[in-house]
Every structure is written in C-alpha cells, then in structure tokens.
Amino acid sequence: MFNKKLYSIWALLILFLVPESAFAMHIMEGFLPYKWAAFWALISLPVVVYGVVSISKKMKENPELKLLLGVAGAFAFVLSALKIPSVTGSSSHPTGVGLGAILFGPAAMSVLGMIVLLFQAILLAHGGITTLGANVFSMAIVGTFVAYGTYKFAKKAGISNGIAVFLAAAFGNLMTYVTTSFQLALAFPAEVGGVMASAVKFLTIFAVTQIPLAISEGLLTVVIFNFLSKYSSQELITLNIFKKGEVLGDDNHA
Amino acid sequence: MTIMRNNIILLLLVALLAVFPLYLVKDSEFGGADGAAEEMITEINPEYEPWFSSFWEPPGGETESLLFALQAALGAGFIGYYVGYKRGQAKEKENKE
Chain A
20 MFNKKLYSIW
30 ALLILFLVPE
40 SAFAMHIMEG
50 FLPYKWAAFW
60 ALISLPVVVY
70 GVVSISKKMK
80 ENPELKLLLG
90 VAGAFAFVLS
100 ALKIPSVTGS
110 SSHPTGVGLG
120 AILFGPAAMS
130 VLGMIVLLFQ
140 AILLAHGGIT
150 TLGANVFSMA
160 IVGTFVAYGT
170 YKFAKKAGIS
180 NGIAVFLAAA
190 FGNLMTYVTT
200 SFQLALAFPA
210 EVGGVMASAV
220 KFLTIFAVTQ
230 IPLAISEGLL
240 TVVIFNFLSK
250 YSSQELITLN
260 IFKKGEVLGD
270 DNHA
Chain B
92 MTIMRNNIIL
102 LLLVALLAVF
112 PLYLVKDSEF
122 GGADGAAEEM
132 ITEINPEYEP
142 WFSSFWEPPG
152 GETESLLFAL
162 QAALGAGFIG
172 YYVGYKRGQA
182 KEKENKE
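Chain order of the listed sequences is A and B. Going letter by letter, the first sequence gives residues 20 to 273 in the numbering used here. Going letter by letter, the second sequence gives residues 92 to 188 in the numbering used here.
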C-alpha cells in the first residue's frame, strides 16, 4: 500500500520534472487514418453548416454585432498563435474559442474556429487539411460547447460573471485537448490495453501540459470580457448575455 | 479604472504562468512537439505511415515565426482597433450628455 503511494508520488514528480516533449496541439497532417479523418469531418460538417446559418441570421437581425463577431474571431486568431511554455517542458497554445462561444453560441463559433484552423493548416503546416474535421471537432465543437455549457451552468448557479467566464474558457480549452487525446487513442489503440491504454498515454502528458494554459486562456478571456462589459454592454444585452439594467462594468472582480 | 487595474493584474498572472515553467524545467527547448506526436504514434503503431502531407510548409523556423507573428498581429490589430473605437464612442457619448 505504502509502496503504491510512493510510486504514484514518484510518477507524478517525474511527470512534472522530466522534460518531455508532448504532443499538445492539433493533430498533424496525415496523422489520422483516412477512415477516422472522414468520420470526424462528417460529424463536424453539419455543426459548421448550422453555425454559418446561425451567424448570417444573427448578423441580418443585428448588423451592429459584426464588429464584435470580428473581435471573437480575432481573439481566437491571437490566442492560437501564442505558443506558451508549460510545466512539462513543452509548449502548447490556448484556443481562444471560449469568448465567441459565450457571445455568439457554440455553433457560430465553430465556424470562426474552423477559419483559424484552416489558416494554420494551409499557411503554417500546423494541423492539416485531412485532419481538419478532427481538429474542428475537438477545438471548435467540443471546446465551444463545453465553454458555452459551463458558462450557462455557472451563471445559473449564481457564480459571478467574471468567474463564470474564466471557468468556461478554461474548461473549453482543457476539454479540447482531452478530446484530441481520445481521437488519437481511437485511431491508435495500444496493442495491450487498447483504446483506453492509448488514451491514458496521450492524456497523462497532455493534461499536465494543458492545465497552466487552460488557466491562461481563462484569464485572458476574462480580460477581454471585462472590457466588453464596460464598453459593449449594449451588444451584450442584444446577445442576451446581460439583462437590461444589469451593468457589470466596474464591480466585476474576477 | 477598476477594470484597467483588474486587467493589468490578470495579464501579469498570465505572464507569470508563462515564465514559471522556464525556471521549473531547465534543460528543455519547449518544443512545439509536433514531432513528438509522430514519435508517440510510431511507438504505438510502428507500421503507420502518414498518408498525406502538407501542400506547402514554411521552409524554416524563421518563415514559420513570421507567419505566426502575422497571425497574432492581425488578431491583435483588430482587437486594438475595436478597443479604441469603443472607447472613443463612449467618450463622445459622455461629452454629449
């Protein structure tokens, strides 16, 4: 019993202290067997199509929201370009999709997420065209839906807006990479132990790398949300984020 | 100004989170680790061959960092524009009242 405990502490220490280059970003070009690539693309497609419809509907009803939509996209653009060092000795990047998911809904944000992923796949050879469907699913669908759901749930539970935004963006980020781990595990099950053993393999490194980054993403999303709650309160009311008369500007401690 | 103060504190926290690993893990290059993915996959399934490769790849680290900087600049530029625009709008409203 004692030994087991000691072993797990040791394993944890190793995990933290031994620098290990971890796969902690999008799935690379060609690195999913084509059946899986097609599978994820087929799952992602309807969500993105629905997202396009939902964006054009929202913009038609409220053309004044166009700039804010641009901000949501720009935020994801900046954040996914920032490769930040993490405690495992490798770097990974935030996704920035939590903000747009809270503002415009997860499906709408999935479209913007896909644009970011396309940019990186085509110009940076980061991620890929064949793995686009899988990466859209993890970052722009799971990430956005988790962020959106967390935000709604936290608000309902009476948690302050700043904390709710933080939790939403952080969990969205974390779940994106958990999803990526499972996608890789499904495509590459270990010979012994199968999918779960593979998943544990990808996850152990991932989870630790991603935790500080998830926190960073949460904090950065709160920063921009603080600004929006003061200067774009009208738009936030239009988007049903704030109720009329609910001004969160200055008393928003996050 | 509370928002400004809060935001500065939050940004400092983010910076700390990024700097702390550099001290914690000394002998690492903090690689992006796209290559390590390959390693892990070949470890699990040695027969796997990537069946598709990128149409175009940045010729080297310099060009890649140029494009990453460009991506961040485009996004940050837009956000900066929005922030200025919104603050100006608020000021104008204040002056009118």
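Simulated from the structure, these hints should not be mistaken for lab results. Since the model is a prediction, treat every value here as computed from it, not as a measurement. Ideal placement from N, C-alpha and C gives every residue a C-beta, glycine not left out. Careful: at least some of the hints might be erroneous.
[Unchecked claim] From the structure, some residues in chain A lie toward chain B, with a derived Cβ separation under 7 Å:
(1) S73
(2) P82
(3) E83
(4) L86
(5) G89
(6) F96
(7) P104
(8) G108
(9) A144
(10) F164
(11) A209
(12) G212
(13) V227
(14) P231
(15) V242
[Said to hold, decoys possible] Taking beta-carbon pairs under 8 Å as the criterion, some of the chain A residues facing chain B (in silico):
(16) V90
(17) L101
(18) G213
[As the list claims (entries may be wrong)] Here are the simulated lysine-lysine pairs, BS3-like style, with alpha carbons at most 27 Å apart:
(19) A:K76 <-> B:K177
(20) A:K263 <-> B:K117
(21) A:K262 <-> B:K187
For a quick check of understanding: which of the numbered hints are violated here, in increasing order? 1, 2, 3, 10, 12, 13, 18 and 20
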